[in-house]
Amino acid sequence: MSELHTVNKSPFEKNSFDSCLGHVLEGSAVLLYEDGVYAALKGTATEGKVKAAQGVKFYALGPDLKARGLAQDRVSDGIEIIDYAGFVDLATEHDKVVAWV
Amino acid sequence: MKFAIQINEGPYQHQASDSAYLFTKTALEKGHEIFRVFFYHDGVGNGTRLTTPPQDDRHVVNRWAELAEKHELDLVVCVAAAQRRGLVDDGEAERNGKDATNIHPKFRISGLGQLIEAAIQADRLVVFGD
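Residue numbers (the numbering used here), protein chains in the order written: chain A, 13 to 113; chain B, 360 to 489.
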């Protein structure tokens with residue numbers, strides 16, 4: 013059983029990203045979208061948390077990065093940038109979708 | 360695959376309705392089925408036909424309605440959330456003695472049972488918003 017966790021709020025605004033990391037299991041995925049993409053940035057307090065999450069795959073929604081003027085080279089290594097088609101695919105590939113808001 | 364979509368946020372509040380719309384549209388383009396879109400809490404604001412954004416802005420309500428027209432989507436607004444926020448159809452206007460209605464004809468008002476049913480019938484429930 014694997015889950016897709018979605019985070020749509022900035023980790024600097026709400027603690028939903030931390031709540032998500034506290035529940036995510038190995039083999040699951042985390043999608044950062046809307047203001048959640050700020051958790052994908054290099055050089056922030058969240059970068060280490062992303063790296064420390066063993067066996068969890070991280071994704072960031074490209075259109076939401078672009079809408080915020082965040083270039084792809086600012087995204088932490090190991091986070092895959094996807095589009096809406098990728099979002100839909102992730103939702104189908106995992107057994108359930110859990111929204112952290 | 361069969362998806363159910365839940366939207367908890369107003370149309371111009373943050374980004375939930377935009378994200379949900381683009382997810383739904385993409386899922387349909389990829390050949391998936393959308394069992395139902397359920398608008399809950401402030402999300403009921405997505406269903407008023409009186410919405411008039413500036414001409415150079417996206418029209419969130421009409422955009423949902425057009426997608427519903429094209430793909431025969433079931434757009435359902437939560438009745439209790441709608442009553443609180445003044446979203447009214449013919450039945451609610453009569454029941455509550457209101458002098459007007461404002462729901463878009465592509466939307467319908469119903470109960471939480473519709474959300475539960477969607478969660479049971481669909482393979483995935485995807486929630487957008489606060």
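Simulated from the structure, these hints should not be mistaken for lab results.
Note that this is a predicted model, so its numbers are computed, not measured.
Backbone N, C-alpha and C fix where the C-beta goes; we use that ideal spot for every residue, glycine too.
One should not assume that every hint holds.
As the list claims (entries may be wrong) - Simulated pairs of lysine-lysine, DSSO-like, Cα-Cα distance not exceeding 30 Å:
(1) B:Lys361 - B:Lys465
(2) B:Lys465 - B:Lys429
(3) B:Lys429 - A:Lys69
(4) A:Lys21 - B:Lys361
As the list claims (entries may be wrong) - Derived list of chain A stretches under chain B, where covered just means 3 residues or more per stretch with a C-beta under 8 Å from a C-beta of chain B:
(5) 86 to 99
(6) 102 to 113
To be verified - Part of the chain B face toward chain A, derived, beta carbon under 10 Å:
(7) Tyr371
(8) His373
(9) Arg443
(10) Gly450
(11) Glu453
(12) Asn455
(13) Ile479
(14) Arg483
(15) Gly488
Against the structure, the hints:
Between the alpha carbons of Lys361 of chain B and Lys465 of chain B the distance comes to roughly 21 Å, so the proposed pair stays at or under 30 Å and holds. Proximity of Lys465 of chain B to Lys429 of chain B is assessed by CA-CA distance (about 11 Å); at most 30 Å being required, the pair is judged to hold. Restraint check: the Cα-Cα separation between Lys429 of chain B and Lys69 of chain A comes to about 35 Å, which exceeds 30 Å; the hinted pair is violated. Note on Lys21 of chain A and Lys361 of chain B: the hinted pairing holds, with a Cα-Cα distance of about 27 Å set against a maximum of 30 Å.
With a cut-off of 8 Å between beta carbons, the stretch 86 to 99 of chain A has 3 residues touching chain B; three or more are needed, and the interface restraint holds. Coverage of the stretch 102 to 113 of chain A by chain B holds in this model, with 6 residues showing a Cβ closer than 8 Å to a Cβ of that chain against a need of three. A least Cβ separation of about 14 Å between Tyr371 of chain B and chain A goes past the 10 Å threshold, and the interface hint is therefore violated. At its closest, the beta carbon of His373 of chain B sits 7 Å from a beta carbon of chain A; the interface hint therefore holds under the 10 Å criterion.
Given the 10 Å rule on beta carbons, the hint for Arg443 of chain B is violated: about 20 Å separates it from the nearest Cβ of chain A. Hint status for Gly450 of chain B relative to chain A: violated, with the closest Cβ pair at about 31 Å, above 10 Å. At its closest, the beta carbon of Glu453 of chain B sits 36 Å from a beta carbon of chain A; the interface hint therefore is violated under the 10 Å criterion. With 10 Å as the threshold, the beta carbon of Asn455 of chain B stays out of range of chain A, its nearest partner Cβ sitting at about 31 Å, so the hint is violated.
The criterion of a C-beta within 10 Å of any C-beta in chain A is not met by Ile479 of chain B, whose closest approach is roughly 13 Å, and the hint is violated. Because the beta carbon of Arg483 of chain B sits about 5 Å from the nearest beta carbon in chain A, less than 10 Å, this interface hint is met. For Gly488 of chain B, the shortest C-beta to C-beta distance to chain A is roughly 7 Å, which falls under 10 Å, so the interface hint holds.
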